[in-house]
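K.L.:
Numbered by numbering that gives the first Met the number 0, the letters in the sequence shown go through residues 0 to 54 in order.
Quick caveat, the hints were computed from the structure, so don't treat them as lab data. Hints should not be assumed to be uniformly reliable.
Label pairs and their calculated CB-CB ranges [claimed, not checked]:
1) 48 x 0: 13 to 23 Å
2) 0 x 52: 29 to 39 Å
3) 44 x 21: 27 to 37 Å
4) 45 x 0: 11 to 21 Å
5) 42 x 5: 17 to 27 Å
6) 44 x 0: 11 to 21 Å
We treat Cβ as the ideally placed atom computed from N, Cα and C, and that holds for glycine.
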Amino acid sequence: MTIRVGVNGFGRIGRNFYRALATQKAEGRATDIEIVAVNDLTDINTLAHLLKFDS
């Protein structure tokens, strides 16, 4: 059964959580967690930039 998750806030912890799930899926490790929504005040382009370039 897949657990559907919404991330409330895409700060450092939210981005790291997203990265961890994306890494697991990219490596082929099975995960039953699916991110279905991200809630944040910032526009989507800034969030994408932070996800890509923030360490």
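K.L.:
Please go over all the hints and tell whether each is borne out by the structure.
P.N.:
Consistency of the hints with the structure:
no.	hint	in the structure
1	48 x 0: 13 to 23 Å	violated (34 Å)
2	0 x 52: 29 to 39 Å	holds (35 Å)
3	44 x 21: 27 to 37 Å	violated (19 Å)
4	45 x 0: 11 to 21 Å	violated (34 Å)
5	42 x 5: 17 to 27 Å	holds (18 Å)
6	44 x 0: 11 to 21 Å	violated (34 Å)
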